Amino acid sequence: MVSTHPIAVQPSGSQYLPQQRSNDAEISPNQQLLPLTARVNQHDFLEIGGCDVQTLVQQFGSPLYIVDEKTLRTACRQYRDTFKEYYQGESQVLYASKAWNCLAICAIAASEGLGIDVVSGGELYTALTAGVSPDKLYLHGNNKSLEELLFAIESACTIVVDNWHELRTLVSIAENSALGTIRIMLRLTPGIECHTHEYIRTGHLDSKFGFDPNDLAEVFAFVSQQPSLNCVGLHAHIGSQIFERQPHRDLANVMVQWLRDAAKYGIEVTELNVGGGLGITYIESDDPPSIEEWSKAICEVVQTACTSENLPLPKLLCEPGRSLIATSCVTAYTIGSTKEIPEIRTYLTIDGGMSDNPRPITYQSVYRAVVANKMSAPLTETVTIAGKHCESGDILIKNAQMPKTEPGDVLVVMATGAYNYSMASNYNRLPRPAAVLVANGEANLILQRETYQDLIRQDCLPERLKYKG
1 MVSTHPIAVQ PSGSQYLPQQ RSNDAEISPN QQLLPLTARV NQHDFLEIGG
51 CDVQTLVQQF GSPLYIVDEK TLRTACRQYR DTFKEYYQGE SQVLYASKAW
101 NCLAICAIAA SEGLGIDVVS GGELYTALTA GVSPDKLYLH GNNKSLEELL
151 FAIESACTIV VDNWHELRTL VSIAENSALG TIRIMLRLTP GIECHTHEYI
201 RTGHLDSKFG FDPNDLAEVF AFVSQQPSLN CVGLHAHIGS QIFERQPHRD
251 LANVMVQWLR DAAKYGIEVT ELNVGGGLGI TYIESDDPPS IEEWSKAICE
301 VVQTACTSEN LPLPKLLCEP GRSLIATSCV TAYTIGSTKE IPEIRTYLTI
351 DGGMSDNPRP ITYQSVYRAV VANKMSAPLT ETVTIAGKHC ESGDILIKNA
401 QMPKTEPGDV LVVMATGAYN YSMASNYNRL PRPAAVLVAN GEANLILQRE
451 TYQDLIRQDC LPERLKYKG
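For the record, in the sequence shown the residue sitting at position 305 is 305 according to this note's numbering, with numbers rising by one throughout.
Careful: at least some of the hints might be erroneous.
[Claimed, not checked] Okay, derived cross-link-like pairs now, DSS-like style, lysine-lysine, Cα gap no bigger than 30 angstroms in a straight line: (1) 136 to 339; (2) 208 to 388; (3) 98 to 84; (4) 208 to 70; (5) 98 to 339; (6) 208 to 339; (7) 404 to 98; (8) 136 to 208; (9) 98 to 264; (10) 398 to 388; (11) 136 to 296; (12) 339 to 296; (13) 136 to 388; (14) 339 to 315; (15) 398 to 339; (16) 388 to 315; (17) 315 to 84; (18) 98 to 136; (19) 315 to 70; (20) 339 to 388; (21) 70 to 84; (22) 466 to 404; (23) 404 to 388; (24) 388 to 296; (25) 404 to 468; (26) 84 to 404; (27) 339 to 264; (28) 404 to 315.
[As the list claims (entries may be wrong)] DEER-style ranges, computed between Cβ atoms: (29) 455 to 404: 50 to 56 angstroms; (30) 450 to 145: 52 to 58 angstroms; (31) 286 to 309: 46 to 52 angstroms; (32) 15 to 465: 38 to 44 angstroms; (33) 26 to 146: 44 to 50 angstroms; (34) 283 to 143: 55 to 61 angstroms.
Hints were generated in silico from the structure; no laboratory data involved. Nothing here was measured: the structure is a model prediction, and the numbers come from that model. Backbone N, C-alpha and C fix where the C-beta goes; we use that ideal spot for every residue, glycine too.
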């Protein structure tokens, strides 16, 4: 039995507003629940980027992804600037665009000097179309198709090689074409455990990603004999939503050892990519390191390890995704029906759910929410926020503390910029939501809402199945 009595919390949704400081640069976006520009206006409504959220819903409909440009740019700049400050060699921050890949997001990251980490031909095409320079594009993936490899080579981006099959395929491509030398990095599995969800731990030895470290000598020997491959770097990634400091320090040390080993085979490694994985605040108890703390630790340990091994400093790369984009976005929904089951729970239903945010049902992810048009109202009800899909597991938040609501109120779920739009689906044939970019009181569409016509655009109906009655 679940109690319907609200627990003791602060009396309104205003508790989630960003910490107010004199210098925005001191605020690490990944440690906030709401975007940096979030505030409550004179009508007690939530504003983001100077735009009233309820007005945005009236204008663009719901569900609606709302992206705060200032928060995204602040995160990009903090990564870029802290690496420049704490690393004595060259550095390059890459946005791990699988978190949210679309033209506008890629363009913003590129305008802040970031490169883009892509994991498919589609993500590569999007980044190129957004104007990202090919020399700042890195293609990942554990099963790249031949078409994707050819596209990457022709685009002159860097290919992060994941396995023997891919390595041999690239050699075959080079031998049977006039495409020239292929620029690659090697992805290795470091065998470092992180205490995150099983599905997002990619650095331990039992992983589908990367070469096994026990094959290191064989891999280096093979690559050293391939004049068509220009192996410029090494890559590793240990997971996602990580709060611990030590795993990334361990990773940097391990990778410098690999760099030293590559030199024994005549491979001049000039780039070291330590991946990403820094976590964010989804609920009040989450306590991730700041962007600066994480960046400083990585820079210092790589420099110390290189000095110890008497190695020149490589170009240092990292690939943040979630910690760059997640907090910059919220999702706004319109509240619909309520179902109260006495002494068990009360369901509060919204007009979206698992098709625009599959993370709760997939990863058991937790979120916080506010009612955008009742920001100062006391939190008097405990409800379970349910989506509209024909699925019992379509639950976004269990036991959420809410003010008294009515149909038509606007619910805002926080920190939905990472893996919400990018994993969205048309389950139950729901059109995917629109997305707007807000800044200085102006809202611009960056993704149009899908229509019913969009849903059937790829459908094919054979002539013999057409109704002729």
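Does residue 315 lie within 30 angstroms of residue 388 when you go C-alpha to C-alpha?
Since the Cα atoms of residue 388 and residue 315 sit roughly 48 angstroms apart, the hinted pair is violated (cutoff 30 angstroms).
Please verify whether residue 136 and residue 296 have alpha carbons no more than 30 angstroms apart.
At roughly 22 angstroms apart (the allowed maximum being 30 angstroms), residue 296 and residue 136 satisfy the hint.
Straight-line alpha-carbon gap residue 398 to residue 339, limit 30 angstroms:
holds (14 angstroms)
Check the hint pairing residue 98 with residue 84 against an upper bound of 30 angstroms on the C-alpha distance.
holds (25 angstroms)
When you check the alpha-carbon spacing of residue 466 and residue 404, does it fall within 30 angstroms?
Roughly 50 angstroms separates the two Cα atoms, so the pair is violated.
Residue 309 and residue 286 - C-beta distance against the hinted 46 to 52 angstroms:
Given range 46 to 52 angstroms: violated, Cβ gap about 36 angstroms.
Does the alpha-carbon distance linking residue 398 and residue 388 stay inside the 30 angstroms limit?
holds (15 angstroms)
Are residue 208 and residue 339 close enough, with their CA atoms no more than 30 angstroms apart?
violated (43 angstroms)
Does the alpha-carbon distance linking residue 136 and residue 208 stay inside the 30 angstroms limit?
holds (25 angstroms)
Beta-carbon spacing of residue 455 to residue 404 - inside the hinted bounds 50 to 56 angstroms or not:
violated (36 angstroms)
If I claimed the Cβ atoms of residue 283 and residue 143 lie 55 to 61 angstroms apart, would that claim hold in this structure?
Because 35 angstroms falls outside the window, the suggested range is violated.
Is 52 to 58 angstroms a correct range for the gap between the Cβ atoms of residue 450 and residue 145?
Since residue 450 and residue 145 have Cβ atoms about 26 angstroms apart, the given range 52 to 58 angstroms is violated.
Checked against the numbered hints given earlier, the structure breaks hints 1, 2, 4, 5, 6, 7, 9, 12, 13, 14, 16, 22, 24, 25, 26, 27, 28, 29, 30, 31, 32 and 34 and satisfies all the rest.
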